[in-house]
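Chains as they are written, first to last, in UniProt numbering: chain A, 1 to 419; chain B, 1 to 299.
Each hint should be verified, as a subset may be incorrect.
Said to hold, decoys possible - Reference excerpt, derived from the structure (chain A facing chain B, CB under 10 Å, subset only):
#	residue
1	Glu130
2	Asn211
3	Glu219
4	Ile222
5	Ser278
As the list claims (entries may be wrong) - As a list, the in silico SDA-like pairs of lysine to any residue whose alpha-carbon atoms are at most 20 Å apart:
#	chain 1	residue 1	chain 2	residue 2
6	A	Lys17	B	Asp91
7	B	Lys86	A	Leu221
8	B	Lys70	A	Phe4
9	B	Lys127	A	Leu221
10	B	Lys86	A	Arg216
11	A	Lys19	B	Tyr84
12	B	Lys88	A	Ser226
13	A	Lys17	B	Glu129
14	B	Lys133	A	Arg216
15	B	Lys148	A	Leu221
16	B	Lys65	A	Arg216
17	A	Lys391	B	Gly13
As the list claims (entries may be wrong) - Now the in silico label distances, taken between C-beta atoms and shown as ranges:
#	chain 1	residue 1	chain 2	residue 2	range
18	A	Ile321	B	Glu167	48 to 54 Å
19	A	Ile27	B	Gln207	55 to 61 Å
20	B	Glu195	A	Gly5	38 to 44 Å
21	A	Gly5	B	Lys28	54 to 60 Å
22	A	Ile321	B	Gln207	58 to 64 Å
23	A	Val247	B	Lys104	26 to 32 Å
24	B	Glu112	A	Ile321	52 to 58 Å
Think of the hints as simulated: they come from the structure by calculation, not from any bench.
Bear in mind the structure is a predicted one, so any value in this text is a computation, not a measurement.
Every residue, glycine too, gets a C-beta built ideally from N, C-alpha and C.
Okay, here's what each chain looks like letter by letter:
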Amino acid sequence: MNKFGIVFAHTYLSKIKSKSFIITTAIILAMLVVFANIQTIINMFDDEDALDKVVVVTEQEDIYHQLQSTMEEEAELVSSSGTLEDAQEVVRDGDAIAALEITEADGLPAATYYSNDYSNQFIQNMLENELQQIKVAIAASQSGIEQETIASIYEPVSFENELIPAVDGETSNVKSEEELSGARGLVYIILFLLYIGVITYGNMIASDIANEKTSRVMEILISSSSPVSQMFAKILGIGLAGLTQMVLFLGVGFILIKQKQDELVGGFFDVFGLSDVSALTFVYAVIFFLLGYFLYATLSAMLGSLVSRTEDVQQLMTPVIFLVVAAFIISMMGISMPDTPLVVISSFIPFFAPMTMFLRVGLLDIPFWEVGLSIAILITTIAILAIIGAKIYRGGVLMYGSSTSFKDIKRALQLSKKE
Amino acid sequence: MALKIENVTKKFGDFTAVNNLSIEIPEKNIFGFLGANGAGKTTTFRMILNLIDQTSGSITWNGEKIDYSKSDQIGYLPEERGLYPKLKVRDQLIYLGKLRGMQKKEVLVELEKWLEYLKVPQYLDKKVEELSKGNQQKIQFISAVIHKPKLLILDEPFSGLDPVNVELLKQAVVELKEAGTSIVFSSHRMEHVEELCQYLCMMQHGQPILHGDLREIKRSFGKKNLTVQADFDLSFLETIPGVVKVKYFNDTALCQIENEEISQNVLQELLGKGFIRKFELDEPSLNDIFIEKAGESYE
Numbered sequence: 001m002n003k004f005g006i007v008f009a010h011t012y013l014s015k016i017k018s019k020s021f022i023i024t025t026a027i028i029l030a031m032l033v034v035f036a037n038i039q040t041i042i043n044m045f046d047d048e049d050a051l052d053k054v055v056v057v058t059e060q061e062d063i064y065h066q067l068q069s070t071m072e073e074e075a076e077l078v079s080s081s082g083t084l085e086d087a088q089e090v091v092r093d094g095d096a097i098a099a100l101e102i103t104e105a106d107g108l109p110a111a112t113y114y115s116n117d118y119s120n121q122f123i124q125n126m127l128e129n130e131l132q133q134i135k136v137a138i139a140a141s142q143s144g145i146e147q148e149t150i151a152s153i154y155e156p157v158s159f160e161n162e163l164i165p166a167v168d169g170e171t172s173n174v175k176s177e178e179e180l181s182g183a184r185g186l187v188y189i190i191l192f193l194l195y196i197g198v199i200t201y202g203n204m205i206a207s208d209i210a211n212e213k214t215s216r217v218m219e220i221l222i223s224s225s226s227p228v229s230q231m232f233a234k235i236l237g238i239g240l241a242g243l244t245q246m247v248l249f250l251g252v253g254f255i256l257i258k259q260k261q262d263e264l265v266g267g268f269f270d271v272f273g274l275s276d277v278s279a280l281t282f283v284y285a286v287i288f289f290l291l292g293y294f295l296y297a298t299l300s301a302m303l304g305s306l307v308s309r310t311e312d313v314q315q316l317m318t319p320v321i322f323l324v325v326a327a328f329i330i331s332m333m334g335i336s337m338p339d340t341p342l343v344v345i346s347s348f349i350p351f352f353a354p355m356t357m358f359l360r361v362g363l364l365d366i367p368f369w370e371v372g373l374s375i376a377i378l379i380t381t382i383a384i385l386a387i388i389g390a391k392i393y394r395g396g397v398l399m400y401g402s403s404t405s406f407k408d409i410k411r412a413l414q415l416s417k418k419e
Numbered sequence: 001m002a003l004k005i006e007n008v009t010k011k012f013g014d015f016t017a018v019n020n021l022s023i024e025i026p027e028k029n030i031f032g033f034l035g036a037n038g039a040g041k042t043t044t045f046r047m048i049l050n051l052i053d054q055t056s057g058s059i060t061w062n063g064e065k066i067d068y069s070k071s072d073q074i075g076y077l078p079e080e081r082g083l084y085p086k087l088k089v090r091d092q093l094i095y096l097g098k099l100r101g102m103q104k105k106e107v108l109v110e111l112e113k114w115l116e117y118l119k120v121p122q123y124l125d126k127k128v129e130e131l132s133k134g135n136q137q138k139i140q141f142i143s144a145v146i147h148k149p150k151l152l153i154l155d156e157p158f159s160g161l162d163p164v165n166v167e168l169l170k171q172a173v174v175e176l177k178e179a180g181t182s183i184v185f186s187s188h189r190m191e192h193v194e195e196l197c198q199y200l201c202m203m204q205h206g207q208p209i210l211h212g213d214l215r216e217i218k219r220s221f222g223k224k225n226l227t228v229q230a231d232f233d234l235s236f237l238e239t240i241p242g243v244v245k246v247k248y249f250n251d252t253a254l255c256q257i258e259n260e261e262i263s264q265n266v267l268q269e270l271l272g273k274g275f276i277r278k279f280e281l282d283e284p285s286l287n288d289i290f291i292e293k294a295g296e297s298y299e
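Pulled out of the complex, with its shape left as it was, chain B reads as follows:
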């Protein structure tokens, strides 16, 4: 009972957009897709939605191929906003809701509820083109979830929103998960994925470079972050064995160390040299892991 992607490859002519992707997305969970632009996230989503066919491999949901007979159970928020600019929010959602198998009455009830939830009830009779980008994104989000889908695919749901609205939408996503929706979403913002997902997949140039349980990934990565702030020169830190790299900001040094034992060696070296303001050992962030795995700088 899950979304299974097995050995999926998609080629556009000579260009390989997705190469041998195999992941399993458990039900009632939030699964994050990470990757830079052009990494193959949207292509993967389109293959899941059966908008384009994979060159090889198979995608199944609860053991069955996804086709138009299942479209009423699937919600999709595309990366680009896709709404009729000249249509009023109400008419727009009635049409899109009907296309997902809803009745007009149901749509109106749900629409009112969602507009209230996202704090934009005044837009019911506004044309979409009159709304700001962020508010359009909210309407777009409603169009993806109004029919209570079992599988929800969100392609960059938080782009173009201010921090307050990002929180609002995150909260909605978490509530949907709690209500039993399986959610797949993509982002190039590591912190969103870190916050929401239990499982994730990192993609680069069509290749999955990392996937699995978030905590597992962090644990197995091994390396830790160490922050040192002191009143004396810290440049000697990079000579200590086990310190992989150091970045300096004024009186602060951000070090990446092989494992947490190294931190104690560093502390020994520091002692007696002067006043230490801060000494902090951290889990690596997804960003660090991504940079490490991708082997190149990111953002």
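Chain A with its partners taken away, still in its complex shape:
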């Protein structure tokens, strides 16, 4: 229908042209840029000369040189020719972060770390660890233990994780380790996107509708085109605006990560291991994200049509937000144990399913009928909500009053009752 397009275009354009939308997007983009460049920014403020410099006072030249070479990347070790007091003076003046005195007792090294405060634990711990190793090596060679023996002592135990192959020799369907960690990354991303998306855009839909009611423009709108098509045009329009925002974020994030690939260890895709995720999981991610959005968007539109003032939106949206938060918490717990009964059961409950079923399908190997059933339940719920929502919307938009109880739903339905 043509008018559907007009409402859709108007909703989308006025949303992305609105000041609040532009400002929020800009702020988040700026934060992304800052976050990606955080290392550079920190380095900019770093006083290279002073911060990482440690003055070492010792007569143990061997230990000093060993320490200096192993600590090369973390700190600059400078040997002091003067006394400990001289070295402390250097630290006090801010030209080095600490002074380290290495002494010897029974042929083994001992050290004292002098600093102005206890704030830089990192360098201190590093020094302590390195010194510990040097000490072990010296102690070992003193007692006549071979270098190889020490190496084998420190070598981690061999611990392999193997799956029992299926009896009939067929290839197992169980997800591989790499695939699983990749899926876990994707599950995290989708959960967060759904959580943020539903809360932000659900609220946007509800307050947009409440706004049109407050300004009473609604009466003109519903006299020119059907409320049902308006409701869906609105849901889609704001959905697309949200998608625009997310694509912007992900796009900018992707470019930043590409540029910074060597700085950020391994890069984004490696961190989340997304390259190992199967195409099917990506498809499920899209399906469950869309279903989740529509489910909550329809619910929000319905609730938005019930209130007559924008201030009341929050009140009615609270239960919806509780639902999202509950779903989010269940899935977060479920990430490490996706086959607990709570997760299994909730993956068939409409308001939790978009998150929990995706979690299961991403992390476990579950029969297709279960996924199908969950998708069917979601689609049915969305359809039912849409039908009820459309009816409530039709009556609700004509209803003005301060009360925001759920009794209003009944009133709204009565108002829109057909013969």
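Using the hints, position chain B against chain A.
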């Protein structure tokens, strides 16, 4: 070829908002709905617009039910101002015009014409929230008529306007009628209805208490108004048979009389009693008729 409302009743739960309303609104005419707040005018309009369904009865326009396929031919000015406060007049009207099936270009041409007509061309690029209530009402009016509707429904179009602008809008309404638009409008101001409408319907508590041709209604009402101003005591007037009631203001008495013959009896009684400054026989006003029919004071 008209808007036909037949035996329409609307109930909200136990409350009957409109009870058995049957009227026919002829085409290319101005039809007035009168009644106090809560009389059922807005509910009736919403039923005509198919925003809510009647509990029983039928509403047809040119023999067909009104639905969204006809919305491009219908204009509606709701009682409460309904515009996007943050949107500029231009964008607002483009959106609302498009929703009534117009093209953007047409909207801009018509909008300029109307703004000129209503003497507010400077508001084209202003946000609605920056305008005064009266000027918002003008924009609202434009949004109702910009797509040249065949049926125009105006719910309290003159509220919140100063007398100059009321005249301006009245003139616009009359011109629209002349151009062939059927107009239904409501008001609780009798004089507006008296001035503009040929046909009217008076409603009270959801009941139509009077409807038909304005002149017909006045003629069949029978009773007349008689104004007497004199230098002597007029309190004896109410004792004359045929005088229904008398209101006194200083040296003036406003009488309602059974029929115009009574006025001659009154004149006989007055003669010789002293100096008579004014003796005037009038048609009853709609207000008088309404008060009489409703059986209670109004305003």
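Pairwise hint evaluation, Arg216(A) against Lys65(B), where the allowed Cα distance is 20 Å at most: violated (26 Å)
20 Å limit on alpha-carbon distance, applied to hinted pair Lys391(A) and Gly13(B): Between Lys391(A) and Gly13(B) the Cα gap is close to 17 Å, so the pair holds against 20 Å.
Proposed interface contact between Glu130(A) and chain B, which counts if any beta carbon pair is under 10 Å: violated (64 Å)
Restraint status (C-alpha distance of Lys133(B) to Arg216(A) at most 20 Å): Holds, at about 14 Å.
When the least beta-carbon distance from Asn211(A) to chain B is tested against 10 Å, hint result: holds (8 Å)
Distance restraint evaluation - Ile27(A), Gln207(B), Cβ atoms, bounds 55 to 61 Å: holds (59 Å)
Restraint status (C-alpha distance of Lys70(B) to Phe4(A) at most 20 Å): Roughly 16 Å between the alpha carbons, so the hint for Lys70(B) and Phe4(A) holds.
Range hint 38 to 44 Å (beta carbons of Glu195(B) and Gly5(A)) holds or violated: holds (43 Å)
Gly5(A) paired with Lys28(B), Cβ distance criterion 54 to 60 Å: violated (34 Å)
Pair hint Lys86(B) and Leu221(A), alpha-carbon separation not exceeding 20 Å: holds (16 Å)
Holds or violated: Lys17(A) to Glu129(B), with C-alpha atoms at most 20 Å apart: OK: Lys17(A) and Glu129(B) at ~18 Å, within 20 Å.
Hint status (Cβ of Glu219(A) to nearest Cβ of chain B, threshold 10 Å): Result: holds, 4 Å to nearest chain B Cβ.
Of the numbered hints stated above, those contradicted by the structure are hints 1, 5, 12, 16, 21, 22 and 24, listed in ascending order.
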